[in-house]
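Visitor: So the chains spell out like this:
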Amino acid sequence: MAPLRSRVPRVQVPIVDYLVLGDGAAHLVGNRCAGCGATYLGRRNACASCGGDDFERARLVDRGVVESFTVVHRGAPKATGPFVSALVRLDDGVYVKANLLGVAPDAGAVDFDTPVRLQTFVAGTDEDGNEAVAFGFAYEGDDG
Amino acid sequence: MSDALWIIGASMTPFRRHLDRDVTDLAVDASLSALRDAGMTMQDMQVMAVGSQFEPYTFGQQIQKQIGQTGIPLYNVHNACATGATAVRSVLMEIRAGEADVGLAVGVEQMSAGSAPYRAQRPPERKVFEPQGRDGHVLPTEGVLGTGHMWGVFAQTGTDYARQHDGVGFEQFAKVAEKNHAHSTLNPLAQYQRPYSLDEIMSAEMMAYPNTLPMCCPTGDGAAAVVVVSEARLRTLDPDVRRRAVKISAAVMTTDPYTPSGDVHPDVNTLTRMAADQAYEKAGVGPQDLDLVELHDCFASAELVHYDNLRLCEPGGAGAFIDRRGPWRDGDIPVNVSGGLISKGHPIGATGVANIYEVVTHLRGEAGDRQIADAKVGLTHVIGLVSVCAIHILERAAS
Chain A
1 MAPLRSRVPR
11 VQVPIVDYLV
21 LGDGAAHLVG
31 NRCAGCGATY
41 LGRRNACASC
51 GGDDFERARL
61 VDRGVVESFT
71 VVHRGAPKAT
81 GPFVSALVRL
91 DDGVYVKANL
101 LGVAPDAGAV
111 DFDTPVRLQT
121 FVAGTDEDGN
131 EAVAFGFAYE
141 GDDG
Chain B
145 MSDALWIIGA
155 SMTPFRRHLD
165 RDVTDLAVDA
175 SLSALRDAGM
185 TMQDMQVMAV
195 GSQFEPYTFG
205 QQIQKQIGQT
215 GIPLYNVHNA
225 CATGATAVRS
235 VLMEIRAGEA
245 DVGLAVGVEQ
255 MSAGSAPYRA
265 QRPPERKVFE
275 PQGRDGHVLP
285 TEGVLGTGHM
295 WGVFAQTGTD
305 YARQHDGVGF
315 EQFAKVAEKN
325 HAHSTLNPLA
335 QYQRPYSLDE
345 IMSAEMMAYP
355 NTLPMCCPTG
365 DGAAAVVVVS
375 EARLRTLDPD
385 VRRRAVKISA
395 AVMTTDPYTP
405 SGDVHPDVNT
415 LTRMAADQAY
425 EKAGVGPQDL
435 DLVELHDCFA
445 SAELVHYDNL
455 RLCEPGGAGA
465 FIDRRGPWRD
475 GDIPVNVSGG
485 LISKGHPIGA
495 TGVANIYEVV
505 THLRGEAGDR
515 QIADAKVGLT
525 HVIGLVSVCA
535 IHILERAAS
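Heads up: the protein sequence lines correspond to chains A and B, in order.
Per our numbering: the first sequence = residues 1 to 144.
Per our numbering: the second sequence = residues 145 to 543.
Derived from the structure by calculation, the hints contain no laboratory data.
C-beta atoms are modelled at their ideal positions from N, C-alpha and C, and glycine is treated no differently.
Just so you know, not all the hints are guaranteed correct.
Unchecked claim - To spell it out: a stretch of chain A is covered by chain B in this simulated footprint if at least three of its residues, at any positions, have a beta carbon under 8 Å from a beta carbon of chain B; those stretches are: (1) 11-18; (2) 57-69; (3) 95-101; (4) 111-125.
Isolated chain A, as found in the complex (with noise of 0.2 Å):
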């Protein structure tokens, strides 16, 4: 006899909405003005560059480089304990916070010439089961 009720089926949702996890490889999507070209992640009014309010959703580049970062130990979720902040410009010039993947919550571990590439990863699952997928930076030739 068939349950009455078929069982929920677990889905995977992006942690953020300018994270995209179909459409191919997942990776991160803009909204490109189109009359400055300042791109933007999440929804947007107009440009803070130029005023201008006509957007195009840009898909956004997976490689980039390490401006600044941090290691934040105070507040830090206990769960995964001390982590590395890094703000990160992708390789068409937008701007991208997350943390490093893969790399110990040590100052010296940071280098700023090394690329880093997109990874996903699973932060945390709701009652239903469905599952919410961050993303982070590793540097290029690591597993994470």
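We have chain A; now place chain B onto it with these hints.
Guide: Structure of chain B alone, referenced to chain A:
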């Protein structure tokens, strides 16, 4: 200059945990002290501005109810860490517009346990993922997509500077805190008044690299106030008041101009550089003319980059500047001789008035043990995220 503005009264309460007093007590204390210092009363005031980042609604009116309800215009101001400076500016602009010729600006904050904004705030438990906000987040992103905590943000500002300039590392940032904690030993109003050795600072608990705990400002309670008059009004006042009056040579406020990274990581440099350049031009002075600077050292890493932003050192030379003790009280340009936010304390709304109090007190020659000898010109700087910057350049009355 006929439209110059002058400070004739200034005060601040001690910065610390005032668990036996409420936020109104602190604001009243600073207000009445500044009025007494100016030889005036609330009945003389024609405009008032009250700055507090966290007090709700018509907090300024609550102060008036305790010290004088005279029907004057009142501005309630909040503008992050530039709140106090914005209150001062509100009074300046009212006077400059010709609507008043004397006014009172107060900044206050109570951040000790028990005050509303510091009660535990927990994000609501979300049982099922549902997109929230402009980025459609389904989970809190702090710690998952980098950090937005203040100590982390300013830490990244520091490592960005270190990446771009030689001779800047953990030790240079730590030396900033060593200096400010040494300076506050001379300031009876400071929250901390004990020296910390460089070794003690560098081996303390790491908050967010490169800032350890004694490299971060504490939370605390306090208030500060100033009384400002027009030049025309000043001429009518007692010679004793005029002798102690301090001229406001420049009052500048800026907000973030667009930068490509500013949306994801606050840029505290560009708007500070803009404000500094405007202030120096308006006042007709340069960094080399400054006898003291009170700048916004919410974290040691912030102070270091502001040496460069305020042109106190050679471009890119902030590391060398602290290494040669340039910003120490006996150095080239004394910075944060009060102890700064790191050691004097940072009750948010009070800070942008308290730094004016500090410079005014030196320009009057009344700073006691911490007096910078023969101080004639000083600069105050605050920055709040995200983002507003205010700079005032103050000058001693010509004798």
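Visitor: Closer than 8 Å Cβ to Cβ for three or more residues is the test here. Does the region 57-69 of chain A pass it with chain B?
Guide: Since 3 is at least three, the answer is holds.
Visitor: Against chain B, does the region 111-125 of chain A show at least 3 residues with beta-carbon separation below 8 Å?
Guide: As far as the region 111-125 of chain A goes, the hint holds, because 3 residues have Cβ atoms under 8 Å from chain B.
Visitor: For the region 95-101 of chain A, does the count of residues with a C-beta closer than 8 Å to a C-beta of chain B reach 3?
Guide: This one holds; 5 residues, not fewer than the three required, reach chain B with a Cβ under 8 Å.
Visitor: Verify this for me: three or more residues of the region 11-18 of chain A with a beta carbon less than 8 Å from a beta carbon of chain B.
Guide: Held - the region 11-18 of chain A has 6 residues with a Cβ nearer than 8 Å to chain B, which meets the minimum of three.
Checked against the numbered hints given earlier, the structure satisfies every one of them.
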